[in-house]
Amino acid sequence: MKEVSFKIDGKTYKAPLGENLIMAAKRNGVYIPTLCYLEGHPCLGTCRVCTIRVNGRSMAACTLTLTENMQLEVNTSELQDMRKAIVELIFVEGNHFCPACEKGGDCQLQAVAYAMDMRVARFHYSFSPYRIHYEGKNIILEHNRCMHCKRCTNLFQDDQGYKIFSFINRGSKTRVMIDLDREKLLSAEKLREAKQLCPTGAILLQGGGFDRAIGTRQYDQRPIGVIPKGEK
Amino acid sequence: MPPKRVIGTISLAGCFGCHMSILDIDLKFLELIELVEFNRSPLTDIKTFTKHCDIGIIEGGCCNDENVHTLISFRKNCDILVSLGECAIMGGLPALRNKIDLYDCLKEAYLNVPSSVPGNQMIPHHPDLPKILDRIYPCHEIVKIDHFIPGCPPCDEIIWKSLTNLITGKSETIPYPFLKYD
Amino acid sequence: MDTFLPSFIEKLVIQYQGDKCTLLNMLWDIQKHFDYVSEEAVAHLARNLNISQIDLQDTLTFYHFFHTRPAGKVKIYLDTSVTAVHQGQAQVQAAFEKELGIVLGEVSKDYDIGLYATPCIGLSDQGPACLINFLPFTQMTAKRAVFIARQLKKGISPQKLLGCLGRKSKKRLRQGQEVTNLIQRKDFLLNDRVAGAGLKKAMQKTPEDIINNIKISGLRGRGGAGFPTWKKWELCRNTESDTHYVICNADEGEPGTFKDRLLLTKHAPMLFEGMAITGRAIGAQEGIIYLRAEYQYLLPRLSRALTIFHKKYLFRIRIQIGAGAYVCGEETALLESLEGKRGEPRIRPPFPVESGYKGRPTVINNVETFCTVTRIMEKGPKKFCDKGTEQSSGTRLFSLSGDILKPGIYEWPFGITISQILTEVRARDALALQIGGPSGTLISAHEKERKICFEDLATGGAITVFSKKRDLLQIIQKHMEFFVNESCGCCSPCRAGNVMLLEFVQMLKDRKAHARNLKNVLQWCRIITQTSRCGLGQTSSNPILTALKSFPELFHNFLIPDPKDGVWNFDLKMATGKYDQIFEKNEHGI
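Chains as they are written, first to last, in this note's numbering: chain A, 1 to 232; chain B, 1001 to 1182; chain C, 2001 to 2590.
Note that these hints are calculated values from the structure, not bench results. Even glycine gets a Cβ: it sits at the ideal position worked out from N, Cα and C. Please note that a few of the clues may not be correct.
Examples of chain A residues toward chain B, derived with CB under 10 Å [what the hints assert, rightly or not]: (1) F91; (2) H96; (3) P99; (4) C101; (5) G105; (6) A113; (7) Y114; (8) M118; (9) S128; (10) Y130; (11) Y134; (12) G136; (13) N144; (14) N169; (15) K173; (16) M177.
So the derived label-pair ranges between C-beta atoms look like this [stated by the list, open to error]: (17) A:T76 to C:Q2391: 43 to 49 Å; (18) C:K2564 to B:P1127: 46 to 52 Å; (19) C:D2110 to A:I214: 23 to 29 Å; (20) C:F2034 to A:R131: 23 to 29 Å; (21) B:C1105 to A:K184: 54 to 60 Å; (22) A:I132 to B:F1178: 29 to 35 Å.
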């Protein structure tokens, strides 16, 4: 693949032409926070946490691929604040009671918030009444924690290729729903995949809550986005 | 030696866990009392302000009118207010009731609860009892809060680092594992 | 017709060849026969299409005209846009509610009649209006509502009530003339047209010449964004593919706009010609018109015109009915909807000109753009660009409504000033003008020298005039409510951010907002504008931002100054109100 050069905050880097911007930046040790984007999957462009400036225009980094001589602004204080604001917005829109959440320490929303040093949300905590859907045989949907990233609706299918998760309604009433008939038939492996796909604790499995000790979880010791040396 | 800074602390709708976490700084407490003196605080059992404070530390959000009055009095008597812990910052666990109607909540707690005595059920209500608010309010929705220390409870390290930063005017960064919401 | 659900659906799926892209049509057919789309219907349809039920719910629940619960044999949709409210929508609503014994959003079980709210239905010049089983009823009054409700209760079909003002009233609108298209001023586009001339001339030209002609004319898209039409066509033409598509965006959803209604009613052949010309220019043989559900009463008329067109020309056009979603006016959301999915805007790039309908290069233009193309071909580009301003050539249609004596459709050249407009439409006591609907600009009537053109005030064609007796904050609030309801919900800044903005406007109205709140809100507006996925979120802050620019005092008079001691004005009485209420009647609170 042809390598092209591009700039991030004034410094020149190189990456393969056509590579996703988040990956191109990561390859060069620059972390662009994101919540919906999952490496190796089609981009979703829903959370907008990866907003950067591309040739002066603000865009979601995950939706773009690298072209020659791209000028990216990633870590200006304005953009950092903008991204932090979106994370705060996601926090107040749902009811994210981290102290009572099974996913604490493994949650990407929480980890990104830590990385941004979020202490409090600038928005009004809405405390909207969301339901918890226990109806599934295997899956619990905790709507309080759903951030509508669409990972589960767009990137997950059962073994026969049917959609299990979908959005219903629209606007602020948008919710994720499961297909109760097909959810029953999911294999244990598929269920684990669904749970791991969710960046927050919205998809939980019946009978399996706290499965790892606090302190040993993914983001307990090492922040999200820190790229260890030698691992590119 | 510079004059000691004055600190006030209070627990509103919290569980005192954050205060316990303050005590968790253990031996550093000896260092701390070299730098500060405590005024109004459950630690000193001083119930009303006897002097103006530099720093006020608030644990818990506001669940009743008394909490609101206390918080306002802290704002008026302290230069800097710090929200300590998730409850003060966003309501915390008490705020789980924010999605439930107040009457349903009280009914469940006092009338329909299995331990209530049949024929003698009532929701406690007396002019001397504080009035319960329609929902839990984070402290910064009622008064201006200057600093936020998250955690449930915040660990001793983040409390110690934040406090010494405030007292000495330094700005030491808080190492990653100590900033937690849980 | 089969009234047995399983076999009805089986036949339906065979009729549509099991094509999931036609899902909207299937759902419409089910709703028309069974009044709503039941869970049972979803189960059967999903099985027949071999998709999961939830996959189907995905599309079904997105559109507000699809009902998933019993919704009544007769469905009344009241226009609740700002203009309708000013025209007396509340009285009409109250009359319906009283007569039917229900409140808005409910179904009368006794009579099987449902009453619903819907945003602007494209009849602001003759409102308050409503749709009854998608037939338009205009110039509604409380009296007329009572009359109509009583007739409906007797089981008289809405079709028969068209044009009836009331039992006693001798006055009767001509059958089918509920909707009048008041043309107040004609110019380049609407002046006497020679049918077929535009297309005939285009057929004699090479595709490159056609594109070049449009380039000379300087025509920019009439939907509002103003992208140069020729550029869109050229990009599409240059994308290699076995098939290209021409799509007409007839999802005129911006509150206060209704000029496409005129074109679709009176000038459908002009639109078809324009689409065929575009087809020739980009190498497409097929066109689709995405017609908003609110305009489906125009379908019989359009179909007739289309049959005549198809007899003469080879270019094939079909019409797809939407199902109620403002966001589907966004071109990529429209494409999703055409493919039978939720109307969520796509990620761009790729742009529709590269990969549009079914992944093929597609040109999507507004109804008016296509009509203008026909006239440019007919009269030549020079005559067109003689009018207008440097960057906004030609004339365009405007939908004028609000507090004016002469509402209707005006064709003006670009560059017309606010003062000219106010005089021509005979505005009374004008206070403000909403240019281009809620997503456009609110300006003061004093800004007389400002011009309508892409250089100054860009617009999709709607201009609503508000007089001094109107409450601007209420208007802003209604507009923000509109965006909260119409956001597709897929990106966080727009879905959650607009709720925050609406909350602020409500606080402001209740005189509870502080100076610091306004400062924060301005920052939030910037964030929502810059980070949202599509045009909806990128413009949804405009009601607040533009009002603040033109009417700063409106905000500052309502704001509470920030208290110096850091004690916010917390409303303790309100917060303890619920508690006091519990013990009001009974001291034990039981």
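Please check whether H96 of chain A passes as an interface residue: C-beta within 10 Å of a C-beta belonging to chain B. Holds, because the Cβ-Cβ distance from H96 of chain A to chain B comes to roughly 8 Å (cut-off 10 Å).
Given G105 of chain A as an interface hint, is its Cβ closer than 10 Å to any Cβ of chain B? Nearest chain B Cβ about 7 Å off; hint holds.
Just to be careful: measuring from the Cβ of A113 of chain A to every Cβ in chain B, is the smallest value less than 10 Å? OK, holds: A113 of chain A within 10 Å of chain B, min 8 Å.
Using 10 Å as the Cβ threshold, decide whether C101 of chain A counts as touching chain B. Hint holds; C101 of chain A Cβ to chain B Cβ min 7 Å, cut 10 Å.
Using 10 Å as the Cβ threshold, decide whether N169 of chain A counts as touching chain B. violated (19 Å)
Holds or violated: the 29 to 35 Å window for the beta-carbon distance between I132 of chain A and F1178 of chain B? holds (31 Å)
Given a cut of 10 Å on the nearest C-beta pair, is the interface hint for M177 of chain A held or broken against chain B? With a closest approach of 20 Å, the M177 of chain A hint is violated.
Identify whether the interface hint at G136 of chain A stands, where standing means a beta carbon of chain B within less than 10 Å of its own. violated (21 Å)
Hint status (Cβ of K173 of chain A to nearest Cβ of chain B, threshold 10 Å): violated (16 Å)
Should the interface hint for Y114 of chain A be scored as holding, given a Cβ-Cβ cut-off of 10 Å against chain B? Holds, because the Cβ-Cβ distance from Y114 of chain A to chain B comes to roughly 6 Å (cut-off 10 Å).
Classify the hint on Y130 of chain A as holds or violated, based on whether any CB of chain B lies nearer than 10 Å to its CB. holds (8 Å)
Against chain B, is F91 of chain A within 10 Å by beta-carbon distance? Hint on F91 of chain A: holds, closest Cβ of chain B at ~8 Å, below 10 Å.
Taken one by one, the earlier hints fail for this structure at numbers 11, 12, 14, 15, 16, 17, 18, 19, 21, listed in ascending order.
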